[in-house]
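Could you put the whole structure together from the sequences, leaning on the hints where they help?
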Amino acid sequence: MDTAFIAQLAAIVGPDGVVSNKTALSVYDCDGYTLEKSTPDLVVLPRSTGEVVAVVKLLHKEKIAFVPRGAGTGLSGGCLPVEAPVMIGTSRMNKILHIDLVNRYMVAQAGVVNLWVSNAVKSQGFQYAPDPSSQQACTIGGNVAENSGGPHTLKYGVTTNHVLGVELVLPDGEVVQLGGVVDDVLGYDLRGITIGAEGTFGIVTQATLRLTRQPQAYRTFLVVFETVPQATQTVSDVIAAGIIPAALEMMDNLMIQAVEAAFHVGFPTDAGAVLIIELDGLEAGLDPQTKKIMAICERNAAREVRLAQDEAERTALWKSRKRAIGAAGRLAPNYCTQDGVVPRTKVPDILAAIARISEKYQLRIGNVFHAGDGNIHPILLFDERNTEETERVLKAGREILQACVDLGGSLTGEHGIGVEKMGQMSLIFTPEDMLAMTQVRAVFNPENRCNPHKIFPTPHGCIDTRVPRRQASL
Amino acid sequence: MPQTNFVDYEKFFDCVHCGLCLSFCPTYVELGTEMDSPRGRIATMRSLHEGKFPLDAEVVRHLDLCLGCRACETACPSGVHYGELIESARSFIEEQYRRPLLDRLKRWTIDKVFPNPLGVRVFASMLKLGSALGLSRLARSDKLPQQLRSWFSMVPERGSVSSATLLEHYPAIGEKRYTVAVLSGCVMPALFGATNEATVKVLRHNGCEVVVPKAQGCCGALLLHNGNKPDGLARARQTIDVFNGLNVDALIINAAGCGAMMKEYGELFKDDPVYREKAQRVAAKVKDVTEFLGGIPLIPPSREVKKSVTYHDACHLAHGQNVRSQPRALLRAIPGLQIMELQESDWCCGSAGTYNLTEPAMARRLLDKKMANIEATEAELVVMGNPGCLMQIRAGLQQRGLSIKAVHTVDLLAEAYEG
Chain V
1 MDTAFIAQLA
11 AIVGPDGVVS
21 NKTALSVYDC
31 DGYTLEKSTP
41 DLVVLPRSTG
51 EVVAVVKLLH
61 KEKIAFVPRG
71 AGTGLSGGCL
81 PVEAPVMIGT
91 SRMNKILHID
101 LVNRYMVAQA
111 GVVNLWVSNA
121 VKSQGFQYAP
131 DPSSQQACTI
141 GGNVAENSGG
151 PHTLKYGVTT
161 NHVLGVELVL
171 PDGEVVQLGG
181 VVDDVLGYDL
191 RGITIGAEGT
201 FGIVTQATLR
211 LTRQPQAYRT
221 FLVVFETVPQ
231 ATQTVSDVIA
241 AGIIPAALEM
251 MDNLMIQAVE
261 AAFHVGFPTD
271 AGAVLIIELD
281 GLEAGLDPQT
291 KKIMAICERN
301 AAREVRLAQD
311 EAERTALWKS
321 RKRAIGAAGR
331 LAPNYCTQDG
341 VVPRTKVPDI
351 LAAIARISEK
361 YQLRIGNVFH
371 AGDGNIHPIL
381 LFDERNTEET
391 ERVLKAGREI
401 LQACVDLGGS
411 LTGEHGIGVE
421 KMGQMSLIFT
431 PEDMLAMTQV
441 RAVFNPENRC
451 NPHKIFPTPH
461 GCIDTRVPRR
471 QASL
Chain W
1 MPQTNFVDYE
11 KFFDCVHCGL
21 CLSFCPTYVE
31 LGTEMDSPRG
41 RIATMRSLHE
51 GKFPLDAEVV
61 RHLDLCLGCR
71 ACETACPSGV
81 HYGELIESAR
91 SFIEEQYRRP
101 LLDRLKRWTI
111 DKVFPNPLGV
121 RVFASMLKLG
131 SALGLSRLAR
141 SDKLPQQLRS
151 WFSMVPERGS
161 VSSATLLEHY
171 PAIGEKRYTV
181 AVLSGCVMPA
191 LFGATNEATV
201 KVLRHNGCEV
211 VVPKAQGCCG
221 ALLLHNGNKP
231 DGLARARQTI
241 DVFNGLNVDA
251 LIINAAGCGA
261 MMKEYGELFK
271 DDPVYREKAQ
281 RVAAKVKDVT
291 EFLGGIPLIP
301 PSREVKKSVT
311 YHDACHLAHG
321 QNVRSQPRAL
331 LRAIPGLQIM
341 ELQESDWCCG
351 SAGTYNLTEP
361 AMARRLLDKK
371 MANIEATEAE
381 LVVMGNPGCL
391 MQIRAGLQQR
401 GLSIKAVHTV
411 DLLAEAYEG
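Order-wise, the sequence lines are chains V and W. Counting with the numbering used here, you get residues 1 to 474 for the letters of the first sequence. Counting with the numbering used here, you get residues 1 to 419 for the letters of the second sequence.
Simulated from the structure, these hints should not be mistaken for lab results. The beta carbon of each residue, even a glycine, is placed where N, CA and C say it ideally should be.
Label pairs and their computed distance ranges (CB to CB): (1) V:Ile64 / W:Lys270: 47 to 55 angstroms; (2) W:Lys306 / V:Thr227: 55 to 63 angstroms; (3) W:Gln343 / V:Ser48: 19 to 27 angstroms; (4) V:Gln214 / W:Ser125: 51 to 59 angstroms.
Sample of chain V residues facing chain W (criterion: CB under 10 angstroms; computed from the structure): (5) Val27; (6) Tyr28; (7) Cys30; (8) Asp31; (9) Arg69; (10) Ala71; (11) Thr90; (12) Ser91; (13) Gly326; (14) Ala328; (15) Gly329; (16) Pro333; (17) Asp383; (18) Arg385.
In structure tokens:
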């Protein structure tokens with residue numbers, strides 16, 4: 001990048017808002033998905049929508065492609081700069097702009113951390129419901145891009161159900177406001193299709209978030225089973241009984257061991273599987289539901305049902321669940337997390353399939369996931385210095401997703417397609433489907449200069465050979 | 001470029017690049033730059049280790065800016081030993097990198113003054129002189145430039161610096177329950193003598209016979225945190241030799257930075273055949289004073305202290321040693337005390353050993369944040385367990401002209417035992 005261009009950017013965001021040193025840039029070479037790496041030529045860190053607009057207009061004039069990035073906690077390489085020399089980071093756009101508790105919404109800049117939103121209104125009895133496991137670090141902008149979920153998705157829905165409006169800077173620098181502060185906005189739901197577009201429409205600079213009342217009361221259980229099938233059967237039975245818990249999470253033995261090593265909250269390391277079941281709502285309704293769940297657990301030969309006795313115990317349980325994937329780092333030098341979805345009655349089948357694939361490829365695979373949603377997260381352990389093993393991980397990952405699709409499921413529950421699963425899109429969509437979707441994208445991003453080479457495989461076939469800038473991390 | 005070997009390479013693979021540490025890192029939240037986040041610094045250190053890029057000003061800049069507060073270790077699910085990584089990188093920098101002259105001079109002075117009893121005494125005398133002349137008032141003068149004001153804010157108000165040398169032995173008050181040794185430290189006797197005395201008082205009231213070996217000096221923490229490994233290890237060895245032979249139940253520390261380092265002596269000397277076992281033995285005895293008191297059946301203080309207080313978590317206590325609940329429980333044991341919650345209580349105040357001297361600009365930003373949070377509590381006292389934080393927070397309070405006082409947890413406890 002020539003110095004005159006850098007100076008122009010620095011004039012907009014300040015000299016400390018442009019990263020151009022090569023060693024400094026190298027730390028932006030991947031997000032939470034580390035199997036592929038690519039370093040941007042420049043990183044720009046604006047503080048306001050105005051600065052984003054000025055930067056994007058300049059890029060538009062120079063016909064330079066760019067990629068937006070939040071905290072870089074994504075798990076599908078959504079912010080990997082592929083043929084996009086400039087990265088626009090939202091880390092400095094971390095201000096909560098407005099809180100309206102009477103009308104129950106908050107306006108937050110894209111770089112605000114998910115957990116900060118709930119923390120800001122906690123003392124007044126409110127919360128922001130979507131709680132991705134990375135919520136202590138991930139940003140609202142990234143949540144909007146990926147339409148993030150979280151353990152409590154089961155009852156409360158995902159990001160799109162809690163974002164009333166977004167401010168979007170289009171790739172030519174135009175600012176559009178989609179949605180609003182109320183639910184019923186006339187016209188097409190452009191807010192809806194922007195959420196989950198993985199940053200391919202433009203950069204979301206701020207969002208209007210729905211604030212909801214904190215539940216009056218909780219019942220949070222840790223249920224211990226000898227075997228995985230007992231646990232998965234319990235999940236099916238709870239749903240079949242017409243109970244919608246706030247969350248219904250499962251962990252298998254390998255993950256129990258990792259989590260216990262990391263957080264010491266007393267998970268039984270000899271158990272085959274545990275479920276974390278949470279009920280919430282009005283105090284009056286919880287005990288009858290608790291009884292029903294206890295009965296179902298007993299029927300499925302649960303070894304133990306532990307009820308969190310106070311808020312501290314509940315918090316400890318959730319903290320360890322939410323950081324479970326990271327704890328897998330204690331089991332192996334590297335891991336790759338998959339994010340398939342199956343109909344929830346098929347959870348036992350997909351776990352059996354994963355066990356088979358684990359055997360076939362001689363890989364250790366742990367499972368910690370949103371059982372109530374049928375959103376699985378197999379964690380494939382490996383050492384990136386072993387190229388042959390890394391190859392097996394990639395193959396096994398693809399086979400797991402194929403199995404999800406065969407069971408009537410889908411490729412991703414909440415992590416997005418990114419670069420990781422572009423090759424598998426054809427398992428679900430026909431070329432015509434994908435053409436239609438890219439036409440929608442073209443309405444917002446006609447020259448494909450914002451976050452190119454994401455989601456959709458291009459007709460050239462394998463992108464590994466087509467895109468020289470994108471390299472495996474080996 | 002050749003591979004460098006400043007730390008066990010396998011340690012880098014503990015980091016899985018999940019990024020959960022980011023929002024816990026004060027410098028990342030202030031600057032928003034990945035290079036100044038724990039994950040970014042680990043990537044940088046790894047590339048340095050692999051010989052992917054040279055040790056240049058850019059690399060040093062980002063590693064220097066790390067506070068070493070270890071908040072990232074609290075956030076990390078994967079068990080990265082970040083403190084060990086950054087300290088190894090720092091000693092590598094000090095060995096291999098030639099800093100600009102002024103920077104070298106500043107660091108040399110710090111290394112010579114603080115761990116050295118004579119150096120600290122000279123420093124303390126200067127502070128006391130400044131304090132006697134009332135120079136601290138200049139910190140609030142509108143007529144002076146900001147930089148100068150912040151220098152004057154280091155000068156304590158009259159009476160807040162105390163020097164005291166402890167005796168070698170104190171009997172327990174009442175029935176003897178334990179025998180403990182106390183690290184009197186290098187900075188503490190000259191600047192916080194009263195706090196050292198308070199530590200002994202509180203321990204004695206809890207049935208402790210207290211021994212304070214005379215030969216002791218600096219534990220090496222300040223030097224090791226700054227990357228001065230040769231001198232730091234020498235101090236650590238000396239400290240190990242002093243305490244190794246003692247037959248005591250615990251080795252009590254009232255400075256969080258020292259306690260965190262001394263608990264790691266075993267790891268530090270794991271490849272040293274002469275010191276390995278001694279180091280492990282000493283490290284196993286180390287306890288922060290609040291950790292020790294929190295772990296025994298406390299003989300509760302009886303005097304009322306009618307004050308409102310808030311508690312600041314020193315980084316090397318909360319993140320470095322996971323001591324959070326014990327000091328709070330001790331405060332709750334003081335009759336009459338009203339405790340207010342401090343927002344972001346475990347967010348670094350910017351002191352970070354000698355960071356406020358080497359990186360004043362970032363230290364100031366963090367101090368401003370801490371001050372705003374302290375002021376919002378409307379407490380009369382802010383309580384903490386580390387001399388570095390005490391100096392930094394006192395300076396901040398003074399410069400803002402606030403009437404809130406900063407004290408050590410044992411200062412307040414001693415008041416509740418003896419008035």
